[in-house]
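*Asks:* Now for the letters of each chain:
Number of protein chains: 2
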Amino acid sequence: MKKMLFYHAGCPVCRQAEDQITQMFDSSRFDLEMVHLGTDRSRIVEAEQLGVASVPALVVNNQVLHINFGAALSELK
Amino acid sequence: MKKMLFYHAGCPVCRQAEDQITQMFDSSRFDLEMVHLGTDRSRIVEAEQLGVASVPALVVNNQVLHINFGAALSELK
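Chains A and B, in that order, give the protein sequences. Residues 1 to 77 (the working numbering) make up the first sequence, in order. Residues 1 to 77 (the working numbering) make up the second sequence, in order.
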């Protein structure tokens, strides 16, 4: 199983993207972890190191897909 | 099979997003159509009507996910 990380902040834009991603990803091949950076601030640094600049963002194979635009990471600090 | 539409313009940002989406989507449940708006300009209006504002963008269940940012749709006209 490959790991996918979905970083969000609970915002409406994030939730809509989350719904879409949850529907479409192949759960037989990927393990999807949802990370709420608003409540789990200790993981903001990890997200930054992966290249996440805004949420919602999806990280697959260490590559970041920034989806729509909810909030800049700097606003969550 | 549900239909997913991936609108792109062949740009590097589009290609990277395309690779990621192609890897992660569940092909047993979704039928993914790639639409190159740079070469298939007749479909720009269709993309606009679905709510696509920039490419690359993925449309699932009539909802648009704008992924990263390659080019505004207006630049493709």
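No wet-lab data here; the hints were simulated from the structure. Yeah, the Cβ is synthetic: ideal placement off N, Cα and C, and Gly gets one too. Be aware that a few hints might be false.
[Claimed, not checked] Among the chain A residues that face chain B by a calculated CB cut under 10 angstroms, a handful are:
(1) 34
(2) 35
(3) 38
(4) 58
[Said to hold, decoys possible] The list that follows gives simulated cross-link-like pairs (lysine to aspartate or glutamate, EDC-like), each with its CA atoms no further than 16 angstroms apart:
(5) A/3 to B/26
(6) B/2 to B/40
(7) A/2 to B/33
(8) B/2 to A/26
*Asks:* Which of the numbered hints above does this structure break?
*Replies:* Per hint list: 1, 2, 3, 6 and 7 violated.
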